[in-house]
Each structure stands twice: as structure tokens, then as C-alpha cells.
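> Got chain A sorted already, so can you dock chain B onto it with the hints?
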Amino acid sequence: MSIVINNLRKQFGHALVVNNVSLEIQEGELFVLLGASGSGKSTILRIIAGLLEPDSGSVTINGVDMTHVDARKRNVGMVFQNYSLFGHLTVFENVEFGLQVRKLPKAQRRNRSKELLEAVGLTGLGHRYPAQLSGGQQQRVAVARALAYNPRVLLMDEPFGALDVKIRGTLRQNLQEIQRRLNVTTILVTHDQEEAFELADRIGVIERGQLIEIGPPDVLYHHPKTEIVATFIGGGNILVGREEEGRIRLGKVFLPMPDQAPLHAQGSPVRVLFRPETVVLSREAFSNASGIYPLGQGRVLKRIFNGPVQRLVLEMEELAGVRPLKPVPRYGQPRTRIEVVETTTGLHHGARFDETLWVGVRDYHILEPSGIKFLVYTGSPERNPAAQELALHLGQLTRGAVTLFSVVSNDMEMSEVQAEMERIQNVWQERIPLLTTEVVKGERHEQVYLKTQSGIYDILVADPKFTGQHEMKPALQNLLEETLLPVLTVSQSQKGILHILICTAAGEPGKSDVQVGGRLAMRAHAKATVFSVLTSPDDQVETRRVEQHLEQARQSLTGLGIACDTRLGLGEPMAEIFNQAAKPAYDLVVLGAPLPQAPQRIHWPDVAQRITRELNKPVLLVPMMTT
Amino acid sequence: MMMNNTYTKSIPIGRWSLIAITIIWFLLLILVPVGGLIQKLLASPVAETLQGLTTKAAVNAFLLTIKVTVITILINTVMGVLMARVLVKQNFKGRLLIEGLIDLPFAISPVVAGFMIVILFGPYGWLGGWLEGMGVKVVYSVPGIILATIFVTLPFVAKEVIPVYRQFGQQSEETAQVMGASQWQTFWWITLPSIKWGVIYGVTLALARSLGEFGAVLVVSGNIIGQTQTATLYIHQQFTDFDYSGAYAASLVIAMVAFTILIVIQTITNRHREA
Chain A
1 MSIVINNLRK
11 QFGHALVVNN
21 VSLEIQEGEL
31 FVLLGASGSG
41 KSTILRIIAG
51 LLEPDSGSVT
61 INGVDMTHVD
71 ARKRNVGMVF
81 QNYSLFGHLT
91 VFENVEFGLQ
101 VRKLPKAQRR
111 NRSKELLEAV
121 GLTGLGHRYP
131 AQLSGGQQQR
141 VAVARALAYN
151 PRVLLMDEPF
161 GALDVKIRGT
171 LRQNLQEIQR
181 RLNVTTILVT
191 HDQEEAFELA
201 DRIGVIERGQ
211 LIEIGPPDVL
221 YHHPKTEIVA
231 TFIGGGNILV
241 GREEEGRIRL
251 GKVFLPMPDQ
261 APLHAQGSPV
271 RVLFRPETVV
281 LSREAFSNAS
291 GIYPLGQGRV
301 LKRIFNGPVQ
311 RLVLEMEELA
321 GVRPLKPVPR
331 YGQPRTRIEV
341 VETTTGLHHG
351 ARFDETLWVG
361 VRDYHILEPS
371 GIKFLVYTGS
381 PERNPAAQEL
391 ALHLGQLTRG
401 AVTLFSVVSN
411 DMEMSEVQAE
421 MERIQNVWQE
431 RIPLLTTEVV
441 KGERHEQVYL
451 KTQSGIYDIL
461 VADPKFTGQH
471 EMKPALQNLL
481 EETLLPVLTV
491 SQSQKGILHI
501 LICTAAGEPG
511 KSDVQVGGRL
521 AMRAHAKATV
531 FSVLTSPDDQ
541 VETRRVEQHL
551 EQARQSLTGL
561 GIACDTRLGL
571 GEPMAEIFNQ
581 AAKPAYDLVV
591 LGAPLPQAPQ
601 RIHWPDVAQR
611 ITRELNKPVL
621 LVPMMTT
Chain B
1 MMMNNTYTKS
11 IPIGRWSLIA
21 ITIIWFLLLI
31 LVPVGGLIQK
41 LLASPVAETL
51 QGLTTKAAVN
61 AFLLTIKVTV
71 ITILINTVMG
81 VLMARVLVKQ
91 NFKGRLLIEG
101 LIDLPFAISP
111 VVAGFMIVIL
121 FGPYGWLGGW
131 LEGMGVKVVY
141 SVPGIILATI
151 FVTLPFVAKE
161 VIPVYRQFGQ
171 QSEETAQVMG
181 ASQWQTFWWI
191 TLPSIKWGVI
201 YGVTLALARS
211 LGEFGAVLVV
221 SGNIIGQTQT
231 ATLYIHQQFT
241 DFDYSGAYAA
251 SLVIAMVAFT
261 ILIVIQTITN
271 RHREA
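Protein chains in written order, with my numbering: chain A, 1 to 627; chain B, 1 to 275.
So here's chain B without its partners, still in its complex pose:
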């Protein structure tokens, strides 16, 4: 017992200091800024805050963000699951290349990504000119914003689904196949229920990212108030116009949504771990 006591007593200094550093770091970087935001907001009158959120520009910005996010998530969910399915089940030349490059949107700065879209779809771009001729405007318009958001959130779903799909393996699908199930039946009744946590997790991450995307959207959108201004662009606009209360209010909304998403992700992870 004595031995044990001396042992446990000799360690805490180092251990406690490490824990302390972690906590201070966390406070400094996360809690204090969030606290500051809340404090600023509470300091300003409630009416002013609500007013900041209900201006036409703010409402339009949030509506656009919701619209972009919904479309992005729908497309990315379908495409992400499809990509994962192809990458897991098919063996073709270039499969590994695609699997490796799928992370590219993570690595590239969103501003650069936005710029690439402008190059390609801008009025003088390869595709932009041709599309403009057909009456479709991509850059400085909503389709461009959606395209940019899809690009930066592309890896989330595929990336989360691939390992789950791989672990799920082919045998259940083969079993269903032998039992006479069509590809569709197999996918809906067997595969999708088995990989659903991966899909949900990936979608949630993509959701958080597309709500908060700024850089790529900034380059592509042209930031036209009421037309191509998303919530994050609106915050930025308010901030540069020294209208801080509007910026705080909108920021808090975004932060709260992000917090909610975080809780959802935590819940999913825990459930997934239990399963």
C-alpha cells in the first residue's frame, strides 16, 4: 500500500499540469470567443438584435444559405453514396487515384476553389461563355454558389461511407442476390440500413460545412445583397460596415446551428459505437 501511495503521489504534478494546459488552451481558443460573442450580444438591446436579424438583407441571406445547403446536401448525399458504392464494389483502373484525390477539396484553400470555378464558369471561362450563350449564368449567381459549396463538401459523405461500406462487405448483398432480390431491393432493404450511420454522419458534417462556407462562396458569388449574399457573407458585410450588432446576431444563429449539429454528431457517434 505504501508503495502504491508513493507511486500515485509522484505522478500528479506532471499529469495535472498537462490537464491544466489542455483546459486553458480549450478555454482560450473556444469558450472565451464564444462567451465574448454571447456577452456582446447580451450587452446590446434585444430589439436591436432582432431588428438586425429581420432586415430584408439578413432574411434573404439566411434563405439563400438554406436553399444552397438543401440542394448541396441532396446532391452530395446521392453522389457521395454512389461514389462510395462504386469505389468499394468496383475494381477499375484509376480507382485508387480517385480514392486518394477525393480529399482534394479539403486540401485546397476554399478561395482557390472558388477561383477555379470562376476560371471555368466565368464569362470568359471555357464553359462559362458557352453556358452564357445558352442563357445560363453560373458565376455571380446562385448556381455558382451551389457549385462552390458542393465542391468544398464533396468528400464528407463519400469519405464517411466508404469505410462503413467496406466493413459491411459484400456478403449480405450476395445473400440478398441469391435470395432473388434485385439491385434496388438489395440497396434499399439491406445495404442502406446497414450503412445509414455512415451516411448520416457524413451528411451532418457536410451540412455544418455548407452552412458556414465563406471563402469559395465569396469569390464565386459577387456578394450582391439580396441576391447572392449568403449568411456568412452577410456577417462579413455587416462587420466591414461596422454594424456589429447585426453581425453578432447572425453569428450567434450560425454558431447555435453548428452547436446543435455538433450534439447530433456526438449522439450518432455514441449510438454507432454501441451498435
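Extracted from the complex, chain A is given alone in its bound form:
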């Protein structure tokens, strides 16, 4: 192992720039750190070079712990983003500088620098000054200079960033050849995915200081684990389907669950990735023997001809209602769209604009199930912070994503709330890497509604007094009906979710209360109790049905690895639910919320209102779908 980085962490002021990064790089490997600007990749490079000291963690080079060793003693070569050539020295003097400080005799220095300048294709330019060279030539001088003293490791910070696109390709090839020839372990930092693909033995994708995934380019491209990597690398389509009896349901389309797909709970969301070039278009329906997975028919909305390929956007009839993560849907877009790249085979063969074609995929990939995504409506700063606190706690516990969302009415409030958000972000960023904050100006109800419609979030967290004390009932009810998003109401501060009570009624059309509650319990490693009320114990049929319902719920929760038991209440449902929920053992109560069109066995809004208002514990209201 040439370079080993262990639990590296670096904070600048409040900003956590490198968050627990660990990495092992093989001898002679060309490793690329890929990430957007500000993701912390250059900071990692500077820590390896010794120009920055990490707050914690270690850097080992060739088995020697270098964490606290001075940069000058590390014997590392580095190419800076703008090359940082010494302007007052000639090319020869630049390349020889590292040898000069190592007190090598002049003749040897000159030989070595001639050798390196030849290797990078700059023979004869040794006596020029950097200002007399083109950008590409300067970059090659920087490479030669970094390699002159046979460093153990070569570090490159966006070495092609300042060059125009035309010469990048040539220089990349040049660099790769030299790297292979000298077999020097190299870490290259870039934001350019194409560059990473072309050069890397392995790529590490970094986002907001965290190393998200590591792998060879083709594996990261075709089989990423996370949504971040799937969307960051390459174009593609990510659709959110549902697990249904071992298959994946995407609208009216079913796809088999691949054998190597990560384990998904029954009925849980499944994120399906297929790259635009794996989509197959045909004027006739696919036969079963074609080996192609049909996705139904689609109409060509957009066609961009690129020469060898054409890029298409198709609107998919049978995928209607499927939530796409990518391409990002426009607001109000009724049907799911997918992107397709098709090789052009001749003037009259390719797909035409507005044509309706059969669509299939040759291959698709399932991403790992994601953590729960919380949308937190924080209200104004003087509001009860309990909702926010619990959401942050759950976000950390479930390794999920948390978005703190504030709606303000004027600019003064805006800056005040923004400052507060920044403070929270700084405090929590380390514990919740996927924490984001957003402050918008406008009408509260409308803005929150719009935000929930982005289709990204799993749970909305809010204070029960969402739109003012007296309007609570209609506001919450409206929100549930409109957004179909489970709402977690929190009125009092609650530390730790160890035991969840899931109140469910037999004969409900969907079982989303058990599913959502189960998912939360699984992610939070909490115990779960499923509770149902029997109104007439003498009714044999009903008793059997309720018992069966409880048993099914218990089985599916146990299947998710949750410690689970069941309880049966007798009597008037509202009072029973309230009595059970009030027991101090439960830290959180899940309550199914039947929508108006569902047969209502109890008057739900009353229960919800009473429980959220009087219980003084978090309540998760789950809208029950009627499909």
C-alpha cells in the first residue's frame, strides 16, 4: 500500500471540509479524486502534501506515518492548479530546483532535467522562461519539475483545469504514458468526470468532504451504490419504483429484481438506474426472446443530432406516476420522461421527432436503499425548536438526509433566519453529512406545499401549530391530502427514539402506516409495537381479521430485523388509541390517516388532533393511499 489515509478530518472555522475520509492507494496506481468545487478534494491533497495539518486522522506513505512530518521531508511531487512555476527561473532551473535543494552536482541536474523535458516533449525549451511558453507547455514543465527528484508520490491538483479543451486530450495521454512508465503512485484531483474516466485506475467520488464511493470507472458508471454517484457521473435515468412481490413496479411496468440487487424491504422504494445508451428503441414491440426489458411506449419530445449519436427525450406513457430522480422533472410535468442516446445508423433509420416508439432497456441497475429524507419546516426563529431538534436527531440516527426549510415574509427575517440556519448547519454538518438548509420568501402554506411536491422527501416534520393554533386541523389535514407525505408533528422536545408505537386498523386498503413506521424503526434501530383496536370482541370474523392483520404486520417488521411485538385494545377506538399512545414507554406514535375517499371507521381528524395536541410526544401521521 503506497498511500494510506485514515479517518482524515479537517475543519476551517465552522466549516467541516474533510469529513472522516479513509483511503488506500496501491503502488503505481493512478487514483482520481472526483468532486465538485468546494467538495474538499484539494484540501485532502494539501494534507497529503504536508501543506496542511489535519485536525485528526493520519497519512501514511510507503508505510511511514507522515501525518506530522514537514512537507519538505515527505519527498512528494506536486503539480498545482496554475502550475506555480517560478517565473524568474528558466525551464531548466525550474525542473532542477528540487535537485538543487538536494545538493546534486550541476552536471547531473542538467542531465536529469534534459531527460525529463524529453519525456514530456519539451526538448530544446530549457532556456526559456515560463512566460515564454504556452499553457500546455507550462503544464508539462510543472509535471517534469514534480517528477525530477523521483518523488514517492505525485499529487496533481486540477492539472488540466487551465487548459483549453483541444489540448487536454493530448496532454492526458502524455501524462498517462509518463505515469505508467515511471510507475509513480499518483493522486489527481479533478471536477471533470471525463478526465477521471480516461485517466483513473480507480475513482473516489467526494462530496461535501465525504468520500461517497470508490471504484474503477466502469463500475462507478454502471453499478454505483448511491444516488449521488449515479447522478454525478454520466447522464442517466433514475426512476423510483416499488418492491412488489420480488419484482420492481414502475407505474404499469414490472421489472425483475436482479439477483445482485441490494436487499429491499417489501413495498419499499426501489431506485432503478439505466443509462441513456442502454435504452433500446423499436418500431415494433419487443419479443420475449429479445433479452430486452420492455418499458412500454414513448413519444419523442426532443431530438438533438450529434453526428455519431442522437440524444432523445421520450415521454413515457406507461411510466406515468413514477417518480423520476433524474432527469429532474419540471414542475407540473405530468408524465415521466427518460433520456436516450441512440447511435445514428443512417438517414432514415433513427427515431424522429414526435414519433411513438417501443422502449426497452438492455440493462438496469438497482441503487442501495437510501436513508430517510426528512423535510423540516422550521418556522420562524422564535418558534418551538423541538421539531427541528428531533428531525436532526433522527437524521443522524437513521443516516438520512435532512433539509431545514424556512419560509419568511420579509428581507429582515430572511437574513436573521439565514444566520440561524448557518449556525445549525455548522453544528450539525459533521453528524448529518446530507444536511441542507433553505430559506424562501413567500406564503407559508403554499411554499411548504410546493417544496413537498419536489418528490424528494419521505417525511415532513413540522410543529403541529403549523399554520397558527386554530387552523391546525384543516392545515394538517390539507397537507396530508395534498402532499400524500407522512407528517411528523413534534410539539415538545424529545430525546431519543427507542420505542415506536404503530397504530393500525385491520382492513385498511394500504399498509403504508406499518411500512413507514417500520422503515423509521429499522433505520433508527428502535423497537416497535403494533397496536390495533377491536371494537366488538364478540364478532368472531372481526377478531380473526384484526389478529391476522397484527400478525402480518409483525412478520413484515420482523423481516426487516426490527424487534417487534403486538398489542390489541378492546373498546372505543379513539379512547383506546389515546390511552395506549399516552403510555410513557413509547417515544413516537405512528398513526395511519385515512384519506376522505377511504372507508372511515373512526373520525380520523379528531384522533389526530387530540393526539398531536394532548400527547406531548412526536406523532407520525401517515396518509393511507387508496389505490
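These are calculated hints, taken from the structure and not from any lab test.
Glycine included, every Cβ here is placed at the ideal spot set by N, Cα and C.
Errors might be hidden in some of the hints.
Stated by the list, open to error - Covered stretches of chain B (chain A as the covering partner; in silico rule of three or more C-beta atoms under 8 Å from a C-beta of chain A):
(1) 162 to 175
(2) 189 to 202
Unchecked claim - One side of the interface only, derived from the structure: several residues of chain A facing chain B at Cβ under 10 Å:
(3) Arg46
(4) Ala71
(5) Arg74
(6) Val76
(7) Asn82
(8) Tyr83
(9) Val101
(10) Arg102
(11) Ala142
(12) Ala146
(13) Pro151
(14) Leu155
What the hints assert, rightly or not - Far from chain B, by Cβ distances over 12 Å, these chain A residues were calculated:
(15) Asp55
(16) Leu133
(17) Ser268
(18) Gly442
(19) Leu484
(20) Gln492
Quick look at chain B alone, frame taken from chain A:
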């Protein structure tokens, strides 16, 4: 074309009058006094002028000025670059205060500066008494003159080097560091060559100022002929003694040196601009 002509013709009156004012102002304030000095000098016999310059007092005064200037420049160059380096590279509490107060010697009247030194190092001053006890005399002696000159020329080098150093940035130094260069090697081979024009410019300005310093030196030196009399003090002395030809001759020397320095500064600025 017609339009253009009427345009350009309507402006000159105002423009020419502005140019004329500038030229007259310049003539009145700079060229005429210098011309007067030269004229006075030419009017007096050459032998007398040379004699005025070769008196023991004059030679001693110029030698003292040279001595003070050389020591001042050496100390201020080293300290100025050091200060600039610290102020640019280190971030510590009070850094901004120091950077702001570095101009203080410019703002304070040299006479006041001299007086402060007398207060501090005079026979009854806080440090003066103690130093005198150890046999070191500062005020009314050469060390006092040097101290006063250092004080008034303190900002020049640091002030010129700070922006150049800042523009130079840290990356070249970091590069050298990664390549294995020690602090010294980095400073001599990388940093100094890159900031040298700033240093030279600052040194030249400090040089001009220390040659011509009068007020602070007057207060501190005691003006003892042959011992603590610098060239400017000598001129002043000649002038108050009505020995005008001696004053003219010495003044011309100082003026010529200043002129030379001015040309050097111009050359540096131009080269720096080209680079």
C-alpha cells in the same frame, strides 16, 4: 468630419488653461527654486565653492550622513522585509493594528519624533539613564541620530514590500517547500528574487529620506560640529551663519543625489511595470 472638428475645437480653451496652470505651478514650486540654487552657485567663484565643500566641518558632516544612511538602510532593509514577511504570512492578534500603525512615523512631525527619542533616551529618560550607567550615550551622539533616522524611514521598505509580497502569494513558497527546499533556500532562491523590485524601491525611498532628514536629527543630535553634525544640519548651520556659498554648495550636492535617486526610482518603476 465637420462634427468632429467643432468638437475638438470647443474643448482646448479649458484643456490648455489646465495644462498651463499645471506647468506654471511646477515651474514656480520646483524648477525656479532649483534654478535659483544653481544660479547662486554659478555666481560665486568655483574655488570658493570647492573650499566650502572641503572644510573639515563639511567633510565630517557628509561622512556622518553617509555613515548614518548606510547603517539605517541596512537595518531598515532587513527589518522591513522581515516585518513585511510576518505581516503577510502570519495571522496573529494585533496584525492589523501593526499594519495600520506602520505609517505612524510618516504622520508624526520629525521634530516630535526626535523629541520622543530625547524623552526616552535622554540623560533623564527611562532608558537613557540606564544606558548611560552602562557607558552608552544615545542622545547628542551618533546612535541617537541613527535611531532617529531609522524611526522616520521605518515605513518605506515594509510599506513597499507588503503589497508585492502579498501579490506574490504563498503558492510559490509552498511549491518550493513541497520540493524539499528549506525556509532559507525558499527565501533566497524564490521569494527574494520575486519581491526584489519592491525591496529596491523601498530602499531607494528610505535612502533619499535618510540623506535629507533634518528635523528629528536636529533635536536628537545636539548639532556638535565635527561630531554630530550631519550634512543637512551643516547646511542649516552655514545658512544661519550667513555663509551662503557653503550652504549652496552642500545643498547642491544633496539635491543632485536626490535627483539621481529620483531617476533610479523612475527606472525601477518602469521596469517593474514592464515585468
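> Confirm or reject each hint.
The hints, checked one at a time:
1. Residues of the region 162 to 175 of chain B with a Cβ under 8 Å from some Cβ of chain A number 4, which satisfies the need for three, so the listed coverage holds.
2. For the region 189 to 202 of chain B, the stated coverage by chain A holds: 4 residues have a C-beta nearer than 8 Å to a C-beta of that chain, and at least 3 were required.
3. Contact between arginine 46 (chain A) and chain B, as hinted, is supported at the beta carbon level, the nearest pair being about 8 Å apart and thus within 10 Å.
4. Among the interface hints, the one on alanine 71 (chain A) holds; its C-beta lies about 5 Å from the nearest C-beta in chain B, closer than the 10 Å criterion.
5. Checking arginine 74 (chain A) against chain B: minimum C-beta separation of about 8 Å stays under 10 Å; hint holds.
6. For valine 76 (chain A), the suggested interface contact is upheld, since its CB lies about 6 Å from the closest CB of chain B, less than 10 Å.
7. Because the closest C-beta pair between asparagine 82 (chain A) and chain B is about 8 Å apart, less than 10 Å, the hint holds.
8. Interface hint at tyrosine 83 (chain A): satisfied, since its Cβ lies 9 Å from the closest Cβ of chain B, which is below the 10 Å cut-off.
9. Because the beta carbon of valine 101 (chain A) sits about 4 Å from the nearest beta carbon in chain B, less than 10 Å, this interface hint is met.
10. With 10 Å as the threshold, the beta carbon of arginine 102 (chain A) comes within range of chain B, its nearest partner Cβ sitting at about 6 Å, so the hint holds.
11. A cut of 10 Å between beta carbons decides the hint on alanine 142 (chain A): the least distance to chain B is about 9 Å, and the hint holds.
12. The beta carbon of alanine 146 (chain A) comes within 8 Å of a beta carbon in chain B, closer than 10 Å, and the hint placing it at the interface holds.
13. Restraint check, proline 151 (chain A) versus chain B: the minimum CB separation of about 9 Å is within 10 Å; hint holds.
14. Because the closest C-beta pair between leucine 155 (chain A) and chain B is about 8 Å apart, less than 10 Å, the hint holds.
15. Taking the minimum C-beta to C-beta distance to chain B, about 18 Å, the non-interface status of aspartate 55 (chain A) holds against the 12 Å cut.
16. With a least CB separation of 17 Å from chain B, leucine 133 (chain A) remains clear of the 12 Å interface cut-off, as annotated.
17. Listed as outside the interface, serine 268 (chain A) is consistent with that label: its C-beta sits roughly 49 Å from the nearest C-beta of chain B, beyond the 12 Å cut-off.
18. Every CB of chain B lies more than 12 Å from the CB of glycine 442 (chain A), the least distance being 41 Å, so the non-interface label holds.
19. Residue placement check: leucine 484 (chain A) keeps its beta carbon more than 12 Å from all beta carbons of chain B (closest about 53 Å).
20. Residue placement check: glutamine 492 (chain A) keeps its beta carbon more than 12 Å from all beta carbons of chain B (closest about 44 Å).
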